[in-house]
Amino acid sequence: MEIINLTIDNKPVVVKKGTTVLEAATSIGIHIPTLCYMKLEDLNIENRPGGCRVCVVEVKGRRNLAPACCTEATEGMEVNTHSIRAINARRTVMELILSDHPADCLVCPKSGNCDLQNMAHRMGIREIHYKGEQSSYRKDTSPAIIRDIDKCIMCRRCEMMCNEVQTVGVLSAINRGFNSVVAPAFEMNLDHSVCTYCGQCVAVCPTGALTEVDETGAVIRALSDPSKTVIVQTAPAVRAALGEEFGMEAGTLVTGKLVAALRRLGFDYVFDTDFAADLTIMEEGAELLNRLTRHLQGDPNVKLPILTSCCPAWVKFFEHQFPDLKDVPSTARSPQQMFGSIAKSYFAQQLGVRREDLVVVSIMPCVAKKYERGRDEFSVNNNPDVDYAITTRELAALIKISNIEFRALPNEEFDKPLGESTGAGVIFGTTGGVIEAAVRTAYEVYTGKELPRIDFHELRGMEGLRHATIDFNGLPLNIGIAHGLGNARRLLEDVRSGKSRFHAIEIMSCPGGCIGGGGQPYHHGNSEILVKRQQAIYREDSNKTIRKSHENPYIKKLYAEFLGAPLSEKSHHLLHTEYFDRTK
Amino acid sequence: MSDYNMQILICGGTGCKASESEEIRNVFNDLLGEYLLEDEVQVVTTGCFGFCEKGPIIKVLPDNTFYVHVTPADVDEIIREHLVKGRQVERLLYRDPHSHEVIHDSKGMDFYKKQIRIALRNCGFIDPENIEEYIARDGYLALGRCLSEMTPEGVIDEIKKSGLRGRGGAGFPTGLKWEITSRSVADQKYVVCNADEGDPGAFMDRSILEGDPHSVIEAMTICGYCIGADKGLVYIRAEYPLAIQRLKVALDQARAYGLLGRNILGSTFGFDIELRYGAGAFVCGEETALIHSMEGSRGEPTVKPPFPAESGYLGKPTNVNNVETFANIPVIINKGAAWFSAIGTEKSKGTKVFALAGKINNVGLIEVPMGTTLREVVFDIGGGIKGGKKFKSVQTGGPSGGMLTTASLDTPIDYENLQAAGTMMGSGGMIVMDEDDCMVAIAKYYLEFTLEESCGKCTPCRIGNKRLFEILEKITAGNGKEEDIDKLRMLSHVIKDASLCGLGQSSPNPVLSTLAHFEDEYLAHIKQGRCPAGKCKALLKYVVVEDKCTGCTLCFRTCPVGAITGERRAPHFIDQALCIKCGICFEKCKFDAIELA
Numbered sequence: 001m002e003i004i005n006l007t008i009d010n011k012p013v014v015v016k017k018g019t020t021v022l023e024a025a026t027s028i029g030i031h032i033p034t035l036c037y038m039k040l041e042d043l044n045i046e047n048r049p050g051g052c053r054v055c056v057v058e059v060k061g062r063r064n065l066a067p068a069c070c071t072e073a074t075e076g077m078e079v080n081t082h083s084i085r086a087i088n089a090r091r092t093v094m095e096l097i098l099s100d101h102p103a104d105c106l107v108c109p110k111s112g113n114c115d116l117q118n119m120a121h122r123m124g125i126r127e128i129h130y131k132g133e134q135s136s137y138r139k140d141t142s143p144a145i146i147r148d149i150d151k152c153i154m155c156r157r158c159e160m161m162c163n164e165v166q167t168v169g170v171l172s173a174i175n176r177g178f179n180s181v182v183a184p185a186f187e188m189n190l191d192h193s194v195c196t197y198c199g200q201c202v203a204v205c206p207t208g209a210l211t212e213v214d215e216t217g218a219v220i221r222a223l224s225d226p227s228k229t230v231i232v233q234t235a236p237a238v239r240a241a242l243g244e245e246f247g248m249e250a251g252t253l254v255t256g257k258l259v260a261a262l263r264r265l266g267f268d269y270v271f272d273t274d275f276a277a278d279l280t281i282m283e284e285g286a287e288l289l290n291r292l293t294r295h296l297q298g299d300p301n302v303k304l305p306i307l308t309s310c311c312p313a314w315v316k317f318f319e320h321q322f323p324d325l326k327d328v329p330s331t332a333r334s335p336q337q338m339f340g341s342i343a344k345s346y347f348a349q350q351l352g353v354r355r356e357d358l359v360v361v362s363i364m365p366c367v368a369k370k371y372e373r374g375r376d377e378f379s380v381n382n383n384p385d386v387d388y389a390i391t392t393r394e395l396a397a398l399i400k401i402s403n404i405e406f407r408a409l410p411n412e413e414f415d416k417p418l419g420e421s422t423g424a425g426v427i428f429g430t431t432g433g434v435i436e437a438a439v440r441t442a443y444e445v446y447t448g449k450e451l452p453r454i455d456f457h458e459l460r461g462m463e464g465l466r467h468a469t470i471d472f473n474g475l476p477l478n479i480g481i482a483h484g485l486g487n488a489r490r491l492l493e494d495v496r497s498g499k500s501r502f503h504a505i506e507i508m509s510c511p512g513g514c515i516g517g518g519g520q521p522y523h524h525g526n527s528e529i530l531v532k533r534q535q536a537i538y539r540e541d542s543n544k545t546i547r548k549s550h551e552n553p554y555i556k557k558l559y560a561e562f563l564g565a566p567l568s569e570k571s572h573h574l575l576h577t578e579y580f581d582r583t584k
Numbered sequence: 001m002s003d004y005n006m007q008i009l010i011c012g013g014t015g016c017k018a019s020e021s022e023e024i025r026n027v028f029n030d031l032l033g034e035y036l037l038e039d040e041v042q043v044v045t046t047g048c049f050g051f052c053e054k055g056p057i058i059k060v061l062p063d064n065t066f067y068v069h070v071t072p073a074d075v076d077e078i079i080r081e082h083l084v085k086g087r088q089v090e091r092l093l094y095r096d097p098h099s100h101e102v103i104h105d106s107k108g109m110d111f112y113k114k115q116i117r118i119a120l121r122n123c124g125f126i127d128p129e130n131i132e133e134y135i136a137r138d139g140y141l142a143l144g145r146c147l148s149e150m151t152p153e154g155v156i157d158e159i160k161k162s163g164l165r166g167r168g169g170a171g172f173p174t175g176l177k178w179e180i181t182s183r184s185v186a187d188q189k190y191v192v193c194n195a196d197e198g199d200p201g202a203f204m205d206r207s208i209l210e211g212d213p214h215s216v217i218e219a220m221t222i223c224g225y226c227i228g229a230d231k232g233l234v235y236i237r238a239e240y241p242l243a244i245q246r247l248k249v250a251l252d253q254a255r256a257y258g259l260l261g262r263n264i265l266g267s268t269f270g271f272d273i274e275l276r277y278g279a280g281a282f283v284c285g286e287e288t289a290l291i292h293s294m295e296g297s298r299g300e301p302t303v304k305p306p307f308p309a310e311s312g313y314l315g316k317p318t319n320v321n322n323v324e325t326f327a328n329i330p331v332i333i334n335k336g337a338a339w340f341s342a343i344g345t346e347k348s349k350g351t352k353v354f355a356l357a358g359k360i361n362n363v364g365l366i367e368v369p370m371g372t373t374l375r376e377v378v379f380d381i382g383g384g385i386k387g388g389k390k391f392k393s394v395q396t397g398g399p400s401g402g403m404l405t406t407a408s409l410d411t412p413i414d415y416e417n418l419q420a421a422g423t424m425m426g427s428g429g430m431i432v433m434d435e436d437d438c439m440v441a442i443a444k445y446y447l448e449f450t451l452e453e454s455c456g457k458c459t460p461c462r463i464g465n466k467r468l469f470e471i472l473e474k475i476t477a478g479n480g481k482e483e484d485i486d487k488l489r490m491l492s493h494v495i496k497d498a499s500l501c502g503l504g505q506s507s508p509n510p511v512l513s514t515l516a517h518f519e520d521e522y523l524a525h526i527k528q529g530r531c532p533a534g535k536c537k538a539l540l541k542y543v544v545v546e547d548k549c550t551g552c553t554l555c556f557r558t559c560p561v562g563a564i565t566g567e568r569r570a571p572h573f574i575d576q577a578l579c580i581k582c583g584i585c586f587e588k589c590k591f592d593a594i595e596l597a
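Chains as they are written, first to last, in this note's numbering: chain A, 1 to 584; chain B, 1 to 597.
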């Protein structure tokens with residue numbers, strides 16, 4: 001390993017060859033401001049176009065200033081990060097960005113969470129010396145994401161996410177010079193594009209240029225309507241992240257406070273999407289075993305691997321990119337939609353209310369769920385199974401609007417019956433979790449034996465592509481896991497070319513799975529937060545007494561009273577779906 | 001060539017072609033048949049002669065007669081008089097603008113006298129679509145020599161010794177670049193020819209490709225041999241259709257002659273060249289942007305290092321040189337590094353091609369030894385300023401360059417001196433300005449160009465240049481403030497200091513350079529509300545000089561907006577609120593009764 005000696009602000013520092021000036025400075029506690037630069041260390045995701053020029057520093061002997069984020073430290077280098085020349089350039093650059101940015105911070109959805117705002121504050125910008133024309137573009141509202149690109153600062157983080165990580169290729173720089181901006185080709189609307197609404201662009205946008213569609217107002221209105229029964233479901237990943245919005249340490253589990261807050265917001269029943277996750281396992285697990293058994297019996301018509309279908313962005317991705325494989329994924333609806341469907345049939349019946357008078361609200365770590373709930377196939381007589389889907393961030397806003405002191409809330413329990421869940425349901429929130437939950441159930445159903453162990457560490461982790469072989473009592477079951485659509489694409493291409501050796505594949509669109517969803521509290525480029533959320537999810541799982549979906553008593557009851565058996569006709573009708581070729 | 005007794009060389013460059021040179025050739029072909037001379041006289045379409053001001057140009061060999069401003073209607077006379085009777089058509093000969101004497105041979109013209117043509121050696125002499133004509137002028141001799149007698153290291157050494165530096169603008173030593181790329185270890189390397197000529201007014205690369213495509217092909221092949229690449233790519237703007245067509249013809253011919261492909265000239269070395277078309281983005285002249293454009297990505301620069309020599313096209317070591325640089329290579333091999341390095345100045349060897357444009361008599365393409373003074377270029381070769389006006393400045397280096405003023409007239413032109421004078425060599429555009437050119441407006445013009453051509457990736461270039469431009473707009477509109485001068489300077493320095501690529505780092509040069517030499521003009525706009533050159537419309541004020549006005553009503557009748565009032569035979573009056581400063585009244589008045597206040 002080659003060692004490099006340099007000085008930064010007169011402090012000597014020793015680094016490995018290949019280290020950037022920025023990393024070298026950080027290692028000795030010198031924090032050079034950055035804006036376009038973003039590195040999600042644990043996910044191997046990096047954006048460093050060297051475009052914003054906020055991180056420029058003075059390097060002795062160099063003609064011009066150097067961008068710290070993409071200048072490699074070299075032997076004997078003398079760096080000055082706060083010379084008057086560097087400070088002047090940095091502040092001028094900042095002023096230039098601000099001169100082409102709407103000054104509506106007070107009412108911007110990103111206010112308080114905006115990297116640009118924070119940076120301007122940190123640099124002490126008090127005046128913009130260079131004023132002039134500001135870019136003006138049409139606002140684009142899609143079912144899930146709003147593009148307000150007057151606020152785009154060309155950091156290209158979204159572009160990197162959309163192209164390199166997700167390989168969706170919707171967002172890229174268009175036009176030239178002052179008119180250049182990140183947008184879909186020909187400035188078409190997002191909902192005319194192949195956008196999957198994964199929301200990773202929203203997750204990394206440093207400003208208010210990309211935000212989710214805000215449904216909090218609609219939820220408040222529904223809650224205040226006395227003629228409606230309003231119920232809520234919360235996705236597993238929400239409880240592992242919501243606390244961050246209230247200043248709590250990343251990875252703090254706030255399940256009990258979450259329930260308490262929702263009850264105080266006025267929801268009539270506080271339920272858990274984890275219940276529907278258990279239900280998903282019953283259906284998807286049955287489907288896997290059905291296909292597997294037929295495959296082992298030599299049925300040539302059966303398609304393997306089976307692919308999970310919980311993630312709406314992933315579903316939209318293959319409908320656009322791999323429509324020829326649309327009969328490969330499981331037909332099971334996502335937990336959000338299973339919940340909605342059961343709520344508006346089984347539970348509405350139990351309550352004796354018309355489905356039109358039952359409002360189902362989801363709290364999701366995801367922005368694509370907003371799109372999913374609006375898909376035509378998920379409504380009955382124009383009444384959607386899920387009425388509103390709000391993100392973790394929107395829920396935090398609702399709690400704040402409603403004057404609820406979140407940190408002081410007691411821990412409360414979910415309501416029954418749709419609030420009862422197992423550890424298997426909880427781990428849906430992280431990459432590897434769905435398939436681990438499926439294995440816990442499928443193993444016992446297939447072999448008729450009790451699992452010798454519940455934790456499948458070989459399925460866990462943050463690697464983008466993982467695989468493991470689980471011994472199903474002599475049958476080696478090959479499992480693939482991908483998170484991030486670019487990784488999913490690689491597995492899909494193998495399936496398409498017949499090279500895939502997997503029996504089952506779990507796919508989640510967002511890096512890290514739902515814990516890293518586009519609707520989660522902003523990580524601001526710190527991937528450690530995602531790791532901590534993941535740990536919290538597994539902690540919640542191990543705290544549960546029941547950790548296998550098929551052992552959930554209320555799931556058993558649901559099948560006994562209402563659905564019959566997994567893959568029954570009623571199940572097909574209520575819990576399964578079909579996919580569409582969206583290339584046409 | 002030798003089977004004919006006479007040859008007619010017709011310029012087939014884009015400029016002359018636009019003035020019917022192709023039609024002239026057709027008429028020649030038709031009429032030579034009628035005169036039964038088709039076996040005696042050969043008609044050749046060549047590349048650019050350089051003296052574009054006088055186009056279409058025709059040269060008759062062997063007596064080297066140089067006909068200017070030829071039209072298709074002149075052809076019959078040329079054949080009848082010159083070819084048949086041996087009498088030159090005097091009215092089509094060039095006349096010296098000063099002595100008014102007829103000069104029939106280009107060698108005697110001031111325009112050509114001080115030129116040394118290395119890169120342009122074949123332009124205007126050979127048919128670019130005929131490989132044999134290139135070979136007849138030592139074409140592919142250098143390649144043969146390299147492959148049979150020299151090692152790659154030997155060739156690189158020769159190029160290094162020659163002192164050749166990149167002609168694309170930055171002036172990086174070519175031999176050193178080749179050496180660095182040759183040392184990179186990889187399974188695949190590339191030679192790239194940058195033909196994305198984009199400086200306003202510059203057209204030397206186009207002319208070389210149109211007039212002598214084989215010299216570039218030969219040089220790229222030599223480069224491939226030196227660095228260990230078997231593939232070359234020419235990145236050329238799609239709006240150079242003639243250059244593209246000639247390059248394609250030349251590539252096919254080179255392949256047919258075994259000068260491209262496997263086992264070139266019986267050696268073990270193989271090389272071939274493909275074309276890649278650019279959409280004409282100026283920034284794609286920057287080598288990393290060019291490479292990304294070739295890869296199918298947005299034409300945007302990336303931070304260097306890594307340099308293309310380590311990681312270029314498709315991540316492989318890539319040597320990028322511009323057209324003119326390549327065109328020098330075969331000559332250096334043939335005549336030797338010592339011969340080449342004897343031309344030029346201490347640090348800038350050889351020649352440089354310039355595109356002379358603007359307010360100069362002899363607009364055209366010239367090639368002069370490094371170290372030639374600006375005075376020689378402007379007044380000897382260029383024939384001085386048009387219309388007897390006063391020389392003001394020369395803009396070199398295109399939108400990245402700056403101004404050379406009378407103070408620099410006797411400075412020898414080379415990379416170092418231009419830089420010291422606050423401008424740069426650039427690709428060789430030289431735009432001459434006279435007293436009627438407003439320096440603030442010129443700076444604004446170049447900045448507007450940069451504004452449109454910036455890729456938008458980095459903040460200083462994307463927004464900084466816009467703000468600079470807005471300040472200049474304010475000044476030329478008469479709304480400038482004195483503090484704007486400081487703002488221009490401060491912002492310019494940050495843009496230069498903090499921009500990502502060469503485009504941004506040099507984009508404020510026209511502003512800084514005009515400020516350095518002509519700050520008084522800026523101040524005149526700001527403090528006095530006056531444009532000294534009379535160019536900035538918003539600052540013009542046309543007034544009637546009552547003593548001189550005869551009341552002829554001509555101005556009243558020609559004013560397009562009815563801003564002029566007055567009775568017949570009485571002084572007229574211009575309503576400033578209505579006046580659009582079109583200047584028609586000023587031009588039309590026969591009594592000089594309208595003047596600029």
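Just so you know, the hints here were simulated from the structure itself, not pulled from any lab data.
Watch out, some of these pointers could steer you wrong.
Derived DSS-like pairs (lysine-lysine); straight-line CA-CA distance at most 25 Å [claimed, not checked]:
id, chain 1, residue 1, chain 2, residue 2
1, A, LYS60, B, LYS304
2, B, LYS537, B, LYS527
3, B, LYS386, A, LYS131
4, A, LYS131, B, LYS390
5, B, LYS590, B, LYS386
6, B, LYS304, A, LYS16
7, B, LYS481, A, LYS131
The hints, checked one at a time:
At most 25 Å may separate the alpha-carbon atoms for a hinted pair to count; LYS60(A) and LYS304(B) meet this at roughly 17 Å. Taking the CA atoms of LYS537(B) and LYS527(B), the gap is near 16 Å; set against the 25 Å cutoff, the hint holds. The straight-line distance between the Cα atoms of LYS386(B) and LYS131(A) is roughly 41 Å, outside the 25 Å bound, and the hint therefore fails. For the given pair, LYS131(A) sits about 38 Å from LYS390(B) by alpha-carbon distance, which is inconsistent with the 25 Å threshold.
Proposed proximity of LYS590(B) and LYS386(B) is supported: the alpha carbons are some 24 Å apart, at most 25 Å. As the CA atoms of LYS304(B) and LYS16(A) are separated by approximately 20 Å, the hinted pair is consistent with the 25 Å bound. A C-alpha spacing of about 14 Å is found between LYS481(B) and LYS131(A), which places the hinted pair at or below 25 Å, so the restraint holds.
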